[in-house]
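Participant: Protein chains in written order, with the numbering used here: chain A, 5 to 378; chain B, 5 to 378; chain C, 5 to 378; chain D, 5 to 378; chain E, 5 to 378.
Hint data in this document are derived by calculation from the structure and do not stem from the laboratory. Some clues are possibly wrong.
Taking lysine-lysine and the DSSO-like style, the derived pairs with C-alpha atoms no more than 27 Å apart in a straight line are [as the list claims (entries may be wrong)]:
hint, chain 1, residue 1, chain 2, residue 2
1, C, Lys-220, D, Lys-220
2, E, Lys-133, E, Lys-150
3, A, Lys-337, E, Lys-372
4, E, Lys-115, C, Lys-220
5, E, Lys-266, D, Lys-372
6, E, Lys-115, D, Lys-115
7, C, Lys-115, D, Lys-150
8, C, Lys-115, C, Lys-266
9, D, Lys-220, E, Lys-115
10, C, Lys-115, B, Lys-115
11, E, Lys-220, A, Lys-372
12, B, Lys-337, A, Lys-115
13, C, Lys-115, B, Lys-372
14, B, Lys-220, C, Lys-372
15, D, Lys-372, C, Lys-220
16, D, Lys-150, D, Lys-115
17, C, Lys-372, D, Lys-372
18, B, Lys-133, B, Lys-150
19, B, Lys-115, C, Lys-266
20, D, Lys-150, E, Lys-176
21, A, Lys-220, B, Lys-115
22, B, Lys-220, C, Lys-115
23, E, Lys-372, A, Lys-372
24, E, Lys-337, A, Lys-115
25, A, Lys-372, D, Lys-220
26, D, Lys-59, D, Lys-220
27, B, Lys-266, B, Lys-176
28, C, Lys-150, D, Lys-372
29, C, Lys-372, A, Lys-220
Under 8 Å between C-beta atoms, here's a sample of chain B residues computed to sit facing chain A [said to hold, decoys possible]:
hint, residue
30, Leu-102
31, Thr-323
32, Met-331
Okay, the calculated bits of chain E under chain A, using three or more residues with CB under 8 Å as the criterion [as the list claims (entries may be wrong)]:
hint, segment
33, 234-248
34, 309-316
Yeah, the Cβ is synthetic: ideal placement off N, Cα and C, and Gly gets one too.
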Amino acid sequence: MAKKNRRPSGKKTKASKMDSYIQPGSVPGTIIIDQDAPPPTIFLIDYNQTSLTHKQINTPEECVPYLDTISVSWVDVQGLGSADILQRLANVFSLHPLVLEDVVNVAERPKVEDYEDQLLIIARMVVPKERICGFYSEQVSFVLDKNYLLTVQEEPEHDCFESVRMRIDKSKGIIRKQGANYLAYALLDAIIDGFFPVLERYGDRIEELEEEVMNKPSRQTLQEIYQIRRELLQLRRTIWPHRDVINSLIRDGYELINEDMKPYLRDCYDHAVQVMDMVENYREITNGLMDVYLSAVSNRMNEVMKFLTVISSIFIPLTFIAGIYGMNFNTEKSPYNMPELNWYFGYPLCLALMAVVAGGLALAFWQKGWFSKF
Amino acid sequence: MAKKNRRPSGKKTKASKMDSYIQPGSVPGTIIIDQDAPPPTIFLIDYNQTSLTHKQINTPEECVPYLDTISVSWVDVQGLGSADILQRLANVFSLHPLVLEDVVNVAERPKVEDYEDQLLIIARMVVPKERICGFYSEQVSFVLDKNYLLTVQEEPEHDCFESVRMRIDKSKGIIRKQGANYLAYALLDAIIDGFFPVLERYGDRIEELEEEVMNKPSRQTLQEIYQIRRELLQLRRTIWPHRDVINSLIRDGYELINEDMKPYLRDCYDHAVQVMDMVENYREITNGLMDVYLSAVSNRMNEVMKFLTVISSIFIPLTFIAGIYGMNFNTEKSPYNMPELNWYFGYPLCLALMAVVAGGLALAFWQKGWFSKF
Amino acid sequence: MAKKNRRPSGKKTKASKMDSYIQPGSVPGTIIIDQDAPPPTIFLIDYNQTSLTHKQINTPEECVPYLDTISVSWVDVQGLGSADILQRLANVFSLHPLVLEDVVNVAERPKVEDYEDQLLIIARMVVPKERICGFYSEQVSFVLDKNYLLTVQEEPEHDCFESVRMRIDKSKGIIRKQGANYLAYALLDAIIDGFFPVLERYGDRIEELEEEVMNKPSRQTLQEIYQIRRELLQLRRTIWPHRDVINSLIRDGYELINEDMKPYLRDCYDHAVQVMDMVENYREITNGLMDVYLSAVSNRMNEVMKFLTVISSIFIPLTFIAGIYGMNFNTEKSPYNMPELNWYFGYPLCLALMAVVAGGLALAFWQKGWFSKF
Amino acid sequence: MAKKNRRPSGKKTKASKMDSYIQPGSVPGTIIIDQDAPPPTIFLIDYNQTSLTHKQINTPEECVPYLDTISVSWVDVQGLGSADILQRLANVFSLHPLVLEDVVNVAERPKVEDYEDQLLIIARMVVPKERICGFYSEQVSFVLDKNYLLTVQEEPEHDCFESVRMRIDKSKGIIRKQGANYLAYALLDAIIDGFFPVLERYGDRIEELEEEVMNKPSRQTLQEIYQIRRELLQLRRTIWPHRDVINSLIRDGYELINEDMKPYLRDCYDHAVQVMDMVENYREITNGLMDVYLSAVSNRMNEVMKFLTVISSIFIPLTFIAGIYGMNFNTEKSPYNMPELNWYFGYPLCLALMAVVAGGLALAFWQKGWFSKF
Amino acid sequence: MAKKNRRPSGKKTKASKMDSYIQPGSVPGTIIIDQDAPPPTIFLIDYNQTSLTHKQINTPEECVPYLDTISVSWVDVQGLGSADILQRLANVFSLHPLVLEDVVNVAERPKVEDYEDQLLIIARMVVPKERICGFYSEQVSFVLDKNYLLTVQEEPEHDCFESVRMRIDKSKGIIRKQGANYLAYALLDAIIDGFFPVLERYGDRIEELEEEVMNKPSRQTLQEIYQIRRELLQLRRTIWPHRDVINSLIRDGYELINEDMKPYLRDCYDHAVQVMDMVENYREITNGLMDVYLSAVSNRMNEVMKFLTVISSIFIPLTFIAGIYGMNFNTEKSPYNMPELNWYFGYPLCLALMAVVAGGLALAFWQKGWFSKF
């Protein structure tokens, strides 16, 4: 079971990662730690308009003194590899058992849930792969309270929060003047905006594939179109629930979400819709590409067939003529037996006949347009 | 009619089992017992925080003393093969005739219905087959009252409630501190979670088929893709109404469902949605696979055609040349009649001509890229 | 026009029957009688808990004395072939002109309409054909009043109400204790349940076709798949509005539908949804079958092509070799002219060469796997 | 621009007619007259229960005296070819500029709009072509006031209102007893019912095409299926908004629509839904036909391929045998050089060998079932 | 990043332009100027019923004196190439930072947003390309206040507002009598109506392609169908949100939108729906075209195959016959060895046999209808 929750990330398991599951009938709130998961590293950023603390801490308990102050505390846990630390985290932040389960079970669907004082937001972050078309995907859980925000990421690598950290460190924009809910918005916004670079790669790759399909479709092309379709399917499954999450934050009147946040969240919502639009668009384009691929293969086969037909249709009758004059009828027994063989111009006439037949057929093919590409 | 209600389970009838039906125009509330159905075995688990009774009982009447106590009684009937026992069960639990009909008719759609004091929940459980990709599916009916839960399963084999029984026996989690409605939730949750292992098998099988389709598509592959599509269709039909059932339990304010159950049911609902997501995802993937299969077959045909064309196009002209010099024109009658036959280097020149023609054609094919795989 | 309303039932017109129409611009409430329609036969069943009258009557007026009594009167008219009788019926039951039009126009969509004291329900009954896969479909109109129910069927043959009549005659179940609205429910339920045996036939036929498509697809198979798709389309068009009819009966609060009827109607509604589910399922399966058929035809063609390619590719080079040694170059003029012909082992060597070539090609094909079935 | 509004009707432009448009950025309310449009002819029918005037008038002003009387006045303008007359019409009926624009712009989508005292209904009428499968489509605008109804048709030819005129003239049904809103309903109903004969033609043509596709699919068949799909698409686009129009008349509580009209309008609504059903049905059927066509073409190709394969596979080996014995190895140089040529039964044995080979192959093909049709 | 926001417009990037994105995690309200963007040119039109100012201005500040007057001021900024000017514009019009971001980020989805005194409308304008089928697309942002309207266009070229400017200049229609909100409507209406000429081009091109597909399908045709599908996809993505924008303006009761505007906006809404209808229609038609293309290619291949089969099937048996009489069996050794060779009419009989075989086969093909086009 533990193995299910955390497979080594790689091409093969990417698609099925979100499909992992918890054991049927297990106690709700159970947490199961994958042995291969990286140990958690914890970062604490505590800030207000004037002061800033940004450090890595070793134990969850170290952040206790920061939580009750009026300044905003962002505790960012990266990695899920220690049941002990997670349990202590749950104690420090007084997490509901179902919250802890959702945070640890990395196959959750993005959602938002209200637990009295805390708001749990499950999101999923995508980060583009280095050079190739593809992405890493990992779950990020937010636990939002009045003065702090706890975020738990699946892995320490790949993270699209760097620019938010920089905005806090360098006090860019209004982030230092706002509360924890603005921080949550900023991170959610970074997650949604993180879909764009991933999609851009797909857009570029699709344009290359269009070129390929039209000009030299190969089995490799087919495989890639299929692969992209699959990955777009996965992106679609990932982005859809995010829209609902943001919509719920806007409409359902959670106490922890100020009215001032609404225009920002609406902006974020618009971006989520735009991502969905793009995914749907790319899906339709790849579906169209598949059709074009099939047509291109048919066209190619047509060309091959035409070539065979032209060659066969020209040479088979010629060979037949040659065959006739290769027959051994005895010309001495009868003047009707292949007198052509003894004619003075027999051979040249025979060659001329062949030339006429071949030329006539070639002309016919040319008129049918079979010499041009189909 | 009886035969319809209960066919021996096996590959052939699996898909059509849910499609069986009750006789048009029969009296509502009629119960018809399939002769082949296994006789019911009845288990009673009665528990509260401190005490526990877990035993098999022989007659429905044996559980009467447990029903009125404040402790939670779970009566689990497995098998539908005796009209007598079912009728006595109906008397013991004072079931409405329509409830009894729904419980016995194993082709019901999952649903929830309120009968004054009792809540009837019809669900459908799937259990993965042993080694192969596939599943057994059976109906489970819940009759929930304040202090007891009656569950009726179609068959005694295959059941995903074992872990719940263990939680009760070993008093794991909070189950012993909660009422009958928590037990109903726990079982429903086990049913929903039971879809995951089934789906995981399909996921794995689909990944294998992807490999197969790309590399060596066979008629067998086609058959399997089709089979998986059919079975996913069936899973989809099974999971959809469950979502409505859970949603109804959350929203429709049944008296027997406490407010405290809501977070748990919401969790269960999320899992149902996740199952639906996965089923839809797999369906889309298999549809895509079908397209790829068709393309792969076309590609394969293309390759065959190219091979034929290359061989034919090279040898047919050569054969024609050989045919020419096999003609019997009389070289003695005229110097124009095939003088080549008497040349000193006639044969070597002829062979050279053939080599040039063959080489030229081969070069042309090579340039067209026909020697590489399509 | 009359011809439109009533074509002789048969395979050809079945699909288009529901598509017949009333003359554009005709007076609303016009009734037009098809000459070929069978003359109406009228049955009267009048019953209460203790007494029962069940007889055929000749004129609509004969049922007048029964209508005002408190006992339930069911007047069942079968056949629409007499304008006179229909008009007298309208007088006896004081039908609104639009009601009469709807009853007579057998191409109406199922619907429910409230005419002050009366409730008009239009339904469509399907009855499976004798041995083959297919069904007869006919319109049944219900006019429900407090104490009586008038039903008008399109034809006297094929009817799925027999079991309801038997329940009344033998006083099975609660039907004799209930009012006219329960009778209407019982008949509606019989109509909905009547879809199941029809669908079961399709299910069986589809399973046979699956076998056929995989193993020996023929043009006949294609035609049957297409035919089934068409008929499922028609079933779908028929069942969908029934669901709305029953839903409307449950939700729209008609005075004539008691509150006690609701659980029964909900049960009926569940069955209608189940029918829809099955139809959709079968439609998806037949769509999949079509894809599989196409693939199977492609596969078959592939096999043919491979056979041709193997035979051609092996024999064409051999024939070329034979052609070479059939050339007539004069071996006496030069030692370079086909010296092989005069070698001592010329012929055996030539045969050996052919064997090597053929064997090599056969090996190559075998390695490519072309000898196994694709 | 003018040209856009009114192209000569014919096969080519039919599909794109509804797609014409008004100049971007032009003043709302602009009317542009197409030069080719037929000049308007105006008919006036003024009636009440006892009196009737039915005449053609020359100027819009002629109908002024009829408008204010309590009798119903129906002014029917056919043709849009004169800006002057249309403008005078607008003055006589005090039309809002946007109403006039909508009336003249024949590419409007069917809709209903309330302009204080008047109700504007835009509808689109279809009339079947003479003998062939197809239809003319033209816009009809209704301007309904308390005592009069103004209808403006695009062209004087083709019109499905004849039966309504007859009902007024001969005082059939209740039309003479009702107000202008009943007249509007009667015409709208005639328009909706006018779809049925058009669809019936398509139904018949589709049945013919089914036959054709199964038995002798030709390129012509493909073209027709495509054409029918296109025209059904257009019918669908035409009928959908009509449903909304009628629904709006029923639900939106316009003052000019009496409560008594509701049952009639509901009837009309049911017919519109039935038309939509039929169109969708035909669309699904033609889509299925396209699939069948593709399969039939594949089957046909398969047959051709099998024929070629049978012929080639039988004769190519035979020709090879003949080729062997056509070789010129010198039998005198060695006893190993084609001794068969000098055998006493050499030739008969050779023919026998050929017969055996041919027979064996033919048997193999027969066993494979290649001689039967695929 | 800047590069993303503004790529040089051209065929390649057109489709992906709307897909550009803002940097994940950047400060909300950031504006980033693309270096390649053309510098803004600013036009001011200030008008009321009697006076009119229409001039180009150099700095945003020049329009300050016009803004507070009661006359309507339309400030039209074309080009986004200067951060300085845009910032000063934001100051002059006191724009919210998010408004400025939306205006500058040319990849926004059309939307309407209320910022207290101002209404922000994001729209997207399409302008048809010169001679070919295609379009330029650019974002237009509206900032509407009580007395002024600020519009910001992405580029100075291509603009469909000319006719509106003319209506103001020449005081055509009621535009000079109305406020800024009427101007906003007029421009929005011009944008929506601007879709029609673009679509008309596609309609014409599709009709040409239909012809092409039926008569001489080429690879080029396939490519064009694919291209049109892609561009229609993009048009669909562009027009859909416009409908929501206009609907929101009608329904959401913005203070700046008078009640009198409603009929005009409803008219505009109808046009947007009509555009959507047309786009969907064209999409369905091109999908159908793709199917027809595939069928046409199959048909073409069929023809080629039939030709090959006819030629091969006729000549291969003939060549076999010729081969037989080319064998060298020694006629002197035995009377059974090819006695035909010494017959008096051997050769003519042989030719006759060939003629009979060829004629028979040709007849068979003719009867199969293979000489006619498939």
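Participant: For every hint, state whether the structure bears it out.
Facilitator: Going down the list of hints, with the structure as the test:
1. Lys-220(C) <-> Lys-220(D): Distance of about 22 Å is within 27 Å: holds.
2. Lys-133(E) <-> Lys-150(E): violated, 36 Å
3. Lys-337(A) <-> Lys-372(E): violated, 42 Å
4. Lys-115(E) <-> Lys-220(C): violated, 57 Å
5. Lys-266(E) <-> Lys-372(D): At roughly 74 Å apart (the allowed maximum being 27 Å), Lys-372(D) and Lys-266(E) break the hint.
6. Lys-115(E) <-> Lys-115(D): Holds, at roughly 26 Å.
7. Lys-115(C) <-> Lys-150(D): Violated, at roughly 32 Å.
8. Lys-115(C) <-> Lys-266(C): OK: Lys-115(C) and Lys-266(C) at ~18 Å, within 27 Å.
9. Lys-220(D) <-> Lys-115(E): violated, 54 Å
10. Lys-115(C) <-> Lys-115(B): holds, 26 Å
11. Lys-220(E) <-> Lys-372(A): Between Lys-220(E) and Lys-372(A) the Cα gap is close to 11 Å, so the pair holds against 27 Å.
12. Lys-337(B) <-> Lys-115(A): violated, 99 Å
13. Lys-115(C) <-> Lys-372(B): violated, 65 Å
14. Lys-220(B) <-> Lys-372(C): holds, 11 Å
15. Lys-372(D) <-> Lys-220(C): Distance of about 11 Å is within 27 Å: holds.
16. Lys-150(D) <-> Lys-115(D): With Cα atoms ~20 Å apart, Lys-150(D) and Lys-115(D) stay inside 27 Å; holds.
17. Lys-372(C) <-> Lys-372(D): holds, 22 Å
18. Lys-133(B) <-> Lys-150(B): violated, 36 Å
19. Lys-115(B) <-> Lys-266(C): With Cα atoms ~16 Å apart, Lys-115(B) and Lys-266(C) stay inside 27 Å; holds.
20. Lys-150(D) <-> Lys-176(E): violated, 34 Å
21. Lys-220(A) <-> Lys-115(B): violated, 54 Å
22. Lys-220(B) <-> Lys-115(C): violated, 54 Å
23. Lys-372(E) <-> Lys-372(A): Answer holds: Lys-372(E) to Lys-372(A) is near 22 Å, not above 27 Å.
24. Lys-337(E) <-> Lys-115(A): Roughly 98 Å separates the two Cα atoms, so the pair is violated.
25. Lys-372(A) <-> Lys-220(D): Distance ~24 Å between Lys-372(A) and Lys-220(D) Cα, so the pair holds.
26. Lys-59(D) <-> Lys-220(D): violated, 55 Å
27. Lys-266(B) <-> Lys-176(B): holds, 21 Å
28. Lys-150(C) <-> Lys-372(D): violated, 70 Å
29. Lys-372(C) <-> Lys-220(A): holds, 24 Å
30. Leu-102: violated, 30 Å
31. Thr-323: This hint holds: Thr-323(B) lies near chain A, its Cβ roughly 6 Å from the closest one there, short of 8 Å.
32. Met-331: holds, 4 Å
33. 234-248: holds (count 4)
34. 309-316: holds (count 5)
Against the hints set out earlier in the document, violations occur for numbers 2, 3, 4, 5, 7, 9, 12, 13, 18, 20, 21, 22, 24, 26, 28, 30.
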